[in-house]
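A.B. asks: Residues per chain, in single letters:
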Amino acid sequence: MSAPLLEVKGLTTWYPIRRGVWSRTVRHVQALTDVSLAIQEGETLGIVGESGCGKTTLGRTLVGLERPMAGAMLLRGAVLPAGIRPAALQRQVQMIFQDPAAALNPRLTVLDLLTEALAYHGLLTESREATALQLLRDVGLDGAALHRYPFEFSGGQRQRISVARALALRPSLIICDEAVSALDVSVQAQVLNLLMDLKEKYRLSYLFISHDINVVRFIADRVAVMYLGRIVEEGPTEDVIGSPAHPYTQALISAVPAVGREASARRPLGGELPSPSRPPAGCPFHPRCPSAMEICKTAAPPTISKGAQKVSCHLYSRDLSSQ
Amino acid sequence: MERRKPTLSESESILTVRDLSVEFDVEGGRIRAVDRVSFDLRAGEVLGVVGESGCGKSVTALSLVRLLPSPPGHVVGGSVTFEGRDLLRIPIAELRAIRGKRISMIFQDPMSALSPLHRIGDQLVEAQQLHGEIPTRRAWEVGTEWLAKVGIPDPAERMNAWPHELSGGMRQRVMIAMALMLKPDVVIADEPTTALDVTIQAQIFELMRVLKDAKTAAMLITHDMSAIWEMCDRALVMYAGQIVESAPVRELFQNPRHPYTAGLLRSMPRGPRTGRRLETIPGQVPSPRDYPKGCRFADRCPHVWSLCREHEPELFAVDEEHRAACHLVPEGRKP
Ligand SMILES: Nc1ncnc2c1ncn2[C@@H]1O[C@H](COP(=O)(O)OP(=O)(O)O)[C@@H](O)[C@H]1O
Ligand SMILES: Nc1ncnc2c1ncn2[C@@H]1O[C@H](COP(=O)(O)OP(=O)(O)O)[C@@H](O)[C@H]1O
Ligand SMILES: [Mg+2]
Ligand SMILES: [Mg+2]
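Those sequence lines, one after another, are chains A and B. If you're matching positions, the first sequence starts at 395 in the working numbering and goes up one per residue. If you're matching positions, the second sequence starts at 736 in the working numbering and goes up one per residue.
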């Protein structure tokens, strides 16, 4: 198999918590810890987990908006230099956000929004108007939008403009951070369809971050489940959602209201996400885990392959050792 | 703290809303945000209200208990009957005695119900003393019990916390404790879990189910069809300020008769990916400034014909419990 489009190993991004007159770093918010994953060309990787588990930090780190403390990133097999954000990465990886109103500069017209990055990189081949029109057509808007401002559009249309803007540099990977979460269901379906069409047309890959498992199930080929900054389970979407291995994944899926399923089939998870500045020792999920054992309190779980799934949980290491 | 014995039989309406219409002053005139809305909330049931944003769900809920800021809002017609009294017309002092104790509200934003300046415990005590004589020590105990009931760990300690010291999910649970503590007859919950994670939502739904066993009637407003499935006995679908369909939940999901309801159900991603695309409803909800003549859904409807643009459909009866405002119904056709 050829090298993945993007591969990361041991990616770690912590935010310092500073206190006192000297702004001494007293602790860290351990937002992302030792994350490894790979995205193939043309593949959609879904990222799910409760809020605060590090999904946005992962996206921002991949696109170069946060600087990781540790870890390596490879683009098509080539190691990217740490620290600075290389121009290649800037063009290849784009990000769209939940709130397009906040992400789109309100003082720029759609024409400017769609062409500023191209102009900056010196990549305009046609006139700005022609380029912008083509982008608008790609996302199902017409030329009437060119000279208008973001606030003149509905939420769904603004998200289409964000998508057009992300497409401008012809990236290989688009990171969608809760990109459809704020939209009403009928508009959400329109934008999801658009993302699917564009993926086919331009052979895009997506890292699709969402707290909504039903949406991820619709769009993702594979899914990774995050808890307290770590990936606890990963695999083909239908495997992970159909037969979740990690107790956290099981609880998360059972909490999603499912039309057709009776409410009594649900096993809600107690408690809340602990603070990522003081993650529990051992397995970070053990205080909420219905299957926690002694070892979970002290030892970090190993990552074990279970069919096409990978799961970080002591339950499965016991299985192996007793065989 | 004696719970009022229900005087109404279960199938009877505890809150009866008839022809409620609400308008807003806007630049250059008035818009009608809620148009002749009628429904019954029955004792002990959970009634869902679903529809996309801007359809008038929140304005309806606020108007029921006269919490809609006026101006710019005006209730221009209709009645809301609770125990023989019209809440829209009784003196405000009488309404205040009902609000909070007999009819309570849960909003999406818990800070709208909690004061940032008072500790959680003091607010729970005050809410009880506002509506009845109860010694402070006893009210403190009841408050602590309710924090435990809504799943807040270390409730005794949390009684001394300030609202800002709690997470969003915790604050939401405090507000729910406050709404349920006085054992109201009616709870109106407007998007109570929209800002929360599914895990916390599941915990809160669990709580609301407990409340249902206590025979409190609830109105659950949401834009999320799956929450309706999970929580409600019956549901109303709102579109562009009007009720367009009402039915028992199972019936609504299995046999939707309004094309808007059918469209909402089809555009939800659910289950394994079968086809490549989701079905969508083209276009978007019209603004109250330009509601069309005839059926307000006509421009987005795959079944539209000339009649729809001429005549506004009434809520036709599909059967005893199921109504839909669509010209397909009398034709015996389904969307
Ligand atoms: N700039 C920042 N400084 C400090 N802490 C942050 C910052 N951004 C995020 N965090 C914290 O990092 C953790 C992970 O956040 P985030 O990546 O936004 O999670 P998610 O997107 O899954 O909700 C949270 O505890 C959040 O409060
Ligand atoms: N203060 C206001 N002034 C003018 N129009 C308003 C005001 N509040 C709500 N509306 C209008 O009333 C309609 C219904 O709003 P709302 O009840 O909040 O919808 P929902 O809760 O279903 O999302 C919307 O079209 C909205 O624009
Ligand atoms: Mg996020
Ligand atoms: Mg609302």
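Treat the hints as calculated values from the structure; they're not laboratory data. Certain hints may be false.
[Claimed, not checked] Coverage of chain B stretches by chain A, computed from C-beta distances (three or more under 8 angstroms per stretch; other residues unrestricted): (1) 798–809; (2) 830–844; (3) 927–941.
[As the list claims (entries may be wrong)] What follows is a set of in silico ranges between Cβ atoms, one per label pair, in the way DEER data are often shown: (4) A/A495 - B/Q864: 39 to 45 angstroms; (5) A/E594 - B/P1027: 31 to 37 angstroms; (6) A/E594 - B/A930: 30 to 36 angstroms; (7) B/T816 - A/G664: 39 to 45 angstroms; (8) B/M846 - A/A397: 47 to 53 angstroms; (9) B/E1047 - A/P630: 47 to 53 angstroms; (10) A/A675 - B/L802: 43 to 49 angstroms; (11) A/L459 - B/L1042: 39 to 45 angstroms; (12) A/E594 - B/L1042: 37 to 43 angstroms; (13) A/A495 - B/E1047: 30 to 36 angstroms; (14) B/P888 - A/H515: 48 to 54 angstroms; (15) B/L1042 - A/E510: 19 to 25 angstroms.
Ideal Cβ positions, reconstructed from N, Cα and C, are used throughout, including at glycine.
A.B. asks: Each hint: holds or not?
C.D. replies: Hint-by-hint comparison with the structure:
no.	hint	result
1	798–809	violated (count 0)
2	830–844	violated (count 0)
3	927–941	holds (count 9)
4	A/A495 - B/Q864: 39 to 45 angstroms	43 angstroms, holds
5	A/E594 - B/P1027: 31 to 37 angstroms	36 angstroms, holds
6	A/E594 - B/A930: 30 to 36 angstroms	34 angstroms, holds
7	B/T816 - A/G664: 39 to 45 angstroms	41 angstroms, holds
8	B/M846 - A/A397: 47 to 53 angstroms	50 angstroms, holds
9	B/E1047 - A/P630: 47 to 53 angstroms	49 angstroms, holds
10	A/A675 - B/L802: 43 to 49 angstroms	48 angstroms, holds
11	A/L459 - B/L1042: 39 to 45 angstroms	55 angstroms, violated
12	A/E594 - B/L1042: 37 to 43 angstroms	40 angstroms, holds
13	A/A495 - B/E1047: 30 to 36 angstroms	34 angstroms, holds
14	B/P888 - A/H515: 48 to 54 angstroms	52 angstroms, holds
15	B/L1042 - A/E510: 19 to 25 angstroms	50 angstroms, violated
Violated hints, listed in ascending order, are 1, 2, 11, 15; each of the other numbered hints is respected by the structure.
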